[in-house]
Each structure stands twice: as C-alpha cells, then as structure tokens.
Amino acid sequence: MFERRLYYHIDWALVMAVVALCTLGVLMIYSTTFDPTRGTSRMYVTQLYAIVIGMGALVFMLSIDYRTFTDKSHLIYIGVCALLLYVMFFGMVQMGARRWIPLRVFNLQPSEFAKIAVALVLAKFYGENRGTPSWTDLAIGGVLTAVPLLLIAKEPDLGTAVTLMPVFLAVAYLAGMRMRILGLMFLCLLLAAPVAWKFALKDYQKSRVSTFLDPSQDAKGAGYQQIQARITVGSGGLSGKGFRQGTQGQLRFLPVAHNDFIFSVLAEEQGFAGVLVALGLYLFVILRALEAARLAKDRLGSYLVLGVLASFTFQVVYNITMSAGLAPVKGLTLPLMSYGGSSMIATLAGFGLILNVRMRRFTN
Amino acid sequence: MMTERRGIGSRLSILQYVITVIFSILAVSFWVLQVVEHAKFEEMAENNHQRTLALRAPRGIVFDRAGKVLVENRHSYSISIVREHTKDLNRTIRLLAGVLGMDEAGVRTIVERHRREPTYRPITIVQDATLAQVSAVKARRLDFELPDVVVEEVPTRQYPETMAAHAFGYVGEVNDAQVAAGGEGLKSGDIVGQSGIEKIYNAMLMGEDGAKRVVVNSVGREIRTLEEDPPTEGKRLQLTIDYDLQKSVEDAFDATEAAGLTNAGAAVVLDPSTGDVLAFTSRPAYDPNAFAAGIDRATWASLTTDEQRPLNDRAIQGRYSPGSTFKMAVALAALEEGVITPDFHAHCGGSAVFYGRPFACWQKRGHGSIDLRHAIEQSCDVYFYTVANMVGIDRINKWATALGLGMLSGIDLPNEVQGLVPSTEWKMRTRHEKWYAGETISVGIGQGQVSVTPVSMAVYMATLANGGTRVTPHLLKAVDDGTGWKPVPAPKPQSTVDIDPEKLQAIRDGLWMVVNSAGTGNRAKIAGKDVSGKTGSAQVISNAGRLAARTNKDLRDNGWFVFFAPRDKPTMAGVVFLEHGIHGPNAARVAHHILDTFFAKQDGRPLPPPPTKESLQFDFSDALAKKQRPPADTTDR
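Residue numbers (the working numbering), protein chains in the order written: chain A, 1 to 364; chain B, 1 to 637.
If you are wondering where the hints come from, they were derived from the structure by calculation, not from laboratory data.
Values in this document were obtained by computation on a predicted structure and should not be read as measured data.
Keep in mind that a hint or two might mislead.
As the list claims (entries may be wrong) - Lysine-lysine pairs mimicking DSS-like chemistry, simulated, CA-CA at most 30 Å apart:
{"hint": "1", "chain 1": "B", "residue 1": "434", "chain 2": "A", "residue 2": "330"}
{"hint": "2", "chain 1": "B", "residue 1": "187", "chain 2": "B", "residue 2": "212"}
{"hint": "3", "chain 1": "B", "residue 1": "40", "chain 2": "A", "residue 2": "241"}
Could you build all of it, start to finish, from the sequences and the hints given here?
Okay, here's the thing in structure tokens:
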C-alpha cells in the first residue's frame, strides 16, 4: 500500500511549517498557563500529547490512498453524524455547551472531526460529477453540509458550526459553481442576517455583535475582551515584552489566553516580529496546500485539499482578526496553536490528507 | 478534461491572490496596532495593571512640656470602592451595604457624590470601620465577590484625654477652598488641621504621604509591589502645656459644671517670664476625636447649633467686660503718670456723684477713707471712679494697652479676637463723637466700653508679675523633625514698658491682700505661696435691664479671677473666667485647685485630688435673682 518512492514525494516543507506552528503554540501555552504560585501547569504537556497523537493521525491519513477514504466517505460521514447525535444527548456539559465526549485522557469533541468528514463527502460527491454543478448538485451538497452544521449549532457551538460553511463554498467554487450563484448566496445571507438576529441568535451572541460595533458602550462586559485584546496586541510593540513577560496575558486581563486569544499573547510577548513570523508560516502553509490542490492528479484530490483547507483558513483568518480586537469575539480557536486536543488531532489528520493528495500525484 | 483543469487552475490562482491579500491586510493591521499606535496601547496596558496607592503619613505626635503624649495616632481602617474594575456598580453597592450593615441609599449617595472623580481613586464608604465590618469585607474579597472593594489601614488622630480641645484643635479632610489656596501641596482627600495647633502647625505636623506602586491582576488584586516610597511621619511637637496643670484646670471646670454653676468659661495659665502657656482651656469643649475619622452629620449639627457655641474658643475669641480686674490698669496709669501716690486717699460713702450723676460702690455702707492698697483689696469702686476721673481715658488706654489689654496677645492659635480699651481717638474714629469725661467713670471699674479676652487677661497678669514685659503667649516649645529635639525660642515680647518697681509693689501688695487678707479672693489662698490676685464680677447686662428682661437667657454676672504667684518672684500668672459664674470669688475657688496643683507639683508634693462639686463650695447667692421676674414662658402657679 505504501510504496517506498512515495516517501520522496512527501512535502517536507509543509510538514516543517506545521511543526513550527505547533511548537510556537506549545511555547505560548506554557507562557500563559505558567503560574508561579502553583507551579507549572500541565497544560502544555497535554498539548504535546495531542500533537503526538495528531502526528499519528497524520501518518495514518497519509499512508492510505485518499481515494480509499473518499470511497468510504459516506460511512465516515454517517459515523461523525452519529457521534454528534450522541453528544447531543449524552455529551458532557462545560461552560454552558454540550460539546464533549469524555474519554480517559482528554475530552473528544466530535465537531472538530465533522470538518474532515464533510470535506471527504463533498470531494467525493463533486468529484464524481463532471462539469459545472447543477442546482440539484448544489442543493445536495448544501444539505450534506447543513446536517452536521445544525447538529453542532444546537450544542450550541455556533463558531465551529460556521466553519463548515467555507468547506461547502470552497469545494462548490472549485467545482465550477457560477460566480453569479455565489453572489446570490451572499445576498441571501445578507437578507437572512436580520431574521437570524431576531430569531436565531442568543442574547450573548447579539451583545457580542453589537459591542463589536462599539466596544466602549460596554467596556466592562462584552466589549471588555475586545478592548483588552487590542491593548494586548498594541502594547507588544515591535519586538514584544519577552517570553512570559506579557502583563496582559499573565495577569489575566485577557480571558482564555491559552485558547481563543493565544495569538494576542504571541503578539504581546513576541511583538510585531513574532506576528510576522507566525503570519508568514500560516500563509506558507495555506499557499503550499493550494499548490497541492493544483498538483493533484484528479479533481477529487483538488476538492479534498481545498475542502480541508477551507475551514482551516477560515478559522486562522477569523481568529487572528479577533485576536487583534478587529472582529467580534467568538469561541473560535486558532488551528495548530490554540490549546485543545480534538482540534489539534483533527487538524493534523486534515494535513495528512493534503500531504496524501500531493504525494500521490504521480500514482494511478 | 484540459479546459476543466485550466478552470480549476485559474480558480486556485484567484484563491491564492485572495489569501495573500487577506494576510497582507492582517500584517498591516498588526503593524498599525503594534508599531504606529504602540505608545497609546502601551500606556493603556500600564494603567491596566499598575496602581499607585497612597500611603498616608501619620501626623506628628504632640507631647507636653515633660514629654507626656497629648496627641497621637491610632490605626483605623477605611473601606472604599475602586470603580476601575467594577463590572456592576449597583451590585457592588448592594452587596457592600449588606455586608457593612449600612443603608443602601446612604452608600449610593456617597458614591454619587464622587462620581466624577477618576475611577482609580478610591471612594471611601466607611472611615474608621469596626473590626466586624473589616473582616466581613475581607472574607467577601477572598471569595472574589467584592474585588473592587479595598480595605486600607490609615493612621487616625487620637486625643487620649479630652482636654485643651481648643488648643489642640482638630483635623479634617481638606476642603476645596484650602486646596485652591494651595501652599504645602495640599490635595483633595488630605487630612489637615482645621483648628488649634493642628491648624497653625499643620505644615510641620502633616508629614509626607508615601506611595506604593503595585501590580494588580484583572480583578484588581495586588500581585506584587514594584516600588515603595514609605511615608514620612510629621514632625513631633513639644508643647509648653503642663499635663498635670492642664488636667487640674479640666477637673476644676468639670466640678464647676457638676455643681450646676456654669459649664462655660476659660482659663489660661502662663509662665510670666517666657510666655509659655502652661494650661489653656475653653468651655464648653468638644471631643476632637469625633473629627478624627470624619465627623458625622448629627454630631456636627449638634456642635454648630448648640447655643453655648462649643466650637468657639472663649479664651481667645470671647470678649467680656473685665469688671474689677481692670482696676490694676487704672491704678498703674495713675501711679506712673504721677497723678496719685500709693498713699492717695479717697473717701467712699457707698456712692459718689460725677458730672451730675451718682455712681454706686458695690459696698453700700461705703469704705470710708481708703488708700490704694486697701482700695484694691476691698475693690472699692468709688476710689477707682475718682482715680479714673483724675487720670483720664487716654492715659488709662495707654497703660492698659502696655499691659496687653485690648490688644492681640499674639498667641500661636488661629483666629484670635482683639478686645477693646476705649480712647478719645477710638471714639472719634468709630463713632465720630467726642469722648465725654463722664464715660471714663465706669471704665474705672472695668465696665462700659472695655472688653477683654481671657488670654489678654493672662498676659496682663504676666506683665504685672514680670514688671512690664508684655510676653507673647505661645504653645510650641520644641520640634523634632527626626533628628532630635530642637528648642523653639520663645517669641519676642509684644512690648516692654518701664514701671517704677515701688509703684508696682503697691499694686502687688493690694493683690496680695485680696487673697491673703480680708479681700474677696481669699478662696485662692495657698499657705506660704503668697498668691496675689483680683476677683471681678462683671455685669452681662445693666441691673435695670436685667430686672426688666423677659428672657430665658442666662443673665447672671460673669466671674473673673486673675492671679500670679508668688507675689515677689512670680513663676506663674493666669486667669480663670466663669461665664455666668455670678461672682469673682467663685472663679477664685476654681483657681485655688489650679494653684494648689501648680505648687504641689513644684514642691514635689502629691498632687491634690480633683475637686468635687461639694468641695468647691460655690456661692450661688445672686442679689438680683430674687427680684428677677420669672421667665416669660414659665407657667403661673
């Protein structure tokens, strides 16, 4: 199954960039969770375990031909949806949301794996269809995305749910969806916004949006995190305050610094220089993956790469924007850097697929 | 197939461009935040986590002349809200009011009053909190329920014994006018002296507040101290006050009040050679401790509306007719101006007529032919009518002034008031009228236009005691700025005048006889100490007016006793004034305890026990009281 020559076609540059970002993440987690009064926190160790497991997942996703995965994508998809249903009824409640399945080592968050499942199933579906997707094709793809999306949104975890949308949009776009339809979808979204505001959003979500528009109206409440994020980033300056010297993150002015706001901490402690390095690494990873999509030997491969990449890119861009206080605060983690086992494993597994497509570009 | 692939290729290229542009925008955004606007955010981050807390400097401790502590500091706790990190002020107010057992509306009013101040400045809700309140708040703080409430330990002024309230004064938060007047770098919230020596020597007593820069976390909890500038305690002051003598004055006045004679009056005792104030009292007094941690509204209202005006310092602000105690000034003027000799005799038949108007002596039987010494001893009014008429008002004014009457004493206390000894020039200036010789007659016995403050009477006696040096009474003896005690030189005398010792001796003889012979002051006699003094009973209102008055006001005469001792080498001089004390001899009874204490301490004898209301044996007989009509509002029987 794994031919020796394939080894030479692994994109080592992409692997190195991914490992570099993971390392950066671990350092920042160490920095923000270090508490001199309680001794070192174990969080960074947990994150290291997650990386090791994630690397295992990466190798596993790499070693089997991606067409095998897409052929079984309907099973994977149904399995993930079943897990999401399970979570809905038996999941662990934490911070007001039912998102986790408690395992011995860490808590499994099935929604993270839904991204890969959707990417696989959509790649398979559009890869089998030739030519510009018809309305029916779009509708079927939309439903395939909507089912896990709604299940996740119900947890509630609107942030993760929303990351499924780019998967569908990106794959459909690459499959040749007309730009007109894309425009139409945006229009619908725009029109749906007030309706959603009225019926779908919870109060805390509304306040997050309204305070984003004017953070000072609620400087102690919802606007607080946004203002603090901006202070954190801005006070970092060109070269940063130094490792574990960031006052904003260290003194808890910034909430969940090791998680949602890890990039703010990086900006504070490593400054604009550190930001440029991290941004550069992410950009390199994304462009390199797009290159894999271009090199893929079939459309299926291209769609799969882009599907996996879409949610990753969306999350990276949104989280970094939010870290600078330039977007409403939302519980979206920064893939590869934020603390979180499921996210790390799922993301690395996704990169396994991307490497897989590129590696097998010459095989038949 | 190929066209399709090309389609994918171009769509991927578009994505590449879009992603690159998005990342460029992100990079630029971070550049703006981190480089362009860095200074602004850096300052915000500093303010976020650094606090400067004031460390209050304790005020200087005040000692008596022997080193006994008169005014000190104690630790008290104040509970404040720092709104900077408050998420829900209403919740904090509600919770805090509950924890403190206070009215929620009251707490809200306090917060409202300081609403416009910067949010990092603590709003003090409770000054001098009880231990129960402090521990309740601290417990809640540990639970993170009240992270925006701070408990501060602040030094608070303490007056261990309520004595000499008007001399010590009191402290209070600096008011806006004082801040505006600037000087001494006063800032809002400072505690400054508002009265007495606390006010006069505020700059020395205040010390310098320190500061502590601390790092706080997002809920306002202090994490560590960055730097600490410890406060400098105020300078320590030593007063000229003698604790034991002061105590004797307070005890005597307490007994006077207990006896039901009067609760109002003043006493000042000086060292006649230096002007050291050995004791200083004004009654009724207030408790300076009530002001130390912020006076409450009710107490303040009761002090300011009290008809007896306890905040008034009668010793330096009360102006009263001196009555017979003025006679020595008239005598000295007559002797020094060569108008009479000590052997000058006048005939007293119980009254005499001047300028067609009869003037009565207090002794209706009359004193017969009487010389200066006996006229002082007997306090013969006719003798002094006669002498005053011979000397004239302007020469009386000259000598009374030289003795300190009608002048400011220059004592180191705020808001001293000047008395008055009239003159022709004074009348022309103020009334635009000429002085009538007939007006001089009542001045001869200290009535009429003459008014004096108790402190000026003490100076008067000191000047008679030391032979003509009008010493400046003062309370400050030495200062310790942390490098050891440095004596403060006595202030220069206000004036000196040459007095013929022989003539002065005649007056002193008279004063000695008042106490030690058949005079009115024998209640003040101390065996072997040659106490010399003079009583005075001064009308508050004319006798006719008093009989006609329909009022509840106390119209009984004021009682004076002025003194120095011993006669030939005086070591102390002073005054006891009893407002509505009826007679001078009653004041002499009060003075006796003071004199007794002074000499007991000087001789190393055990100090006399405090007088009781019985031991003072006051004379309540009031000739006019029987004739006085019942006050208008008493019901007829």
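Hints, verified against the model:
With a C-alpha separation of about 95 Å, the suggested pairing of residue 434(B) with residue 330(A) is violated against the 30 Å cut-off. About 17 Å separates the Cα atoms of residue 187(B) and residue 212(B), which keeps this hinted pair within 30 Å; it holds. Simply put, residue 40(B) and residue 241(A) have alpha-carbon atoms about 15 Å apart, close enough for the 30 Å limit, and the pair holds.
In summary, the one numbered hint that this structure violates is 1.
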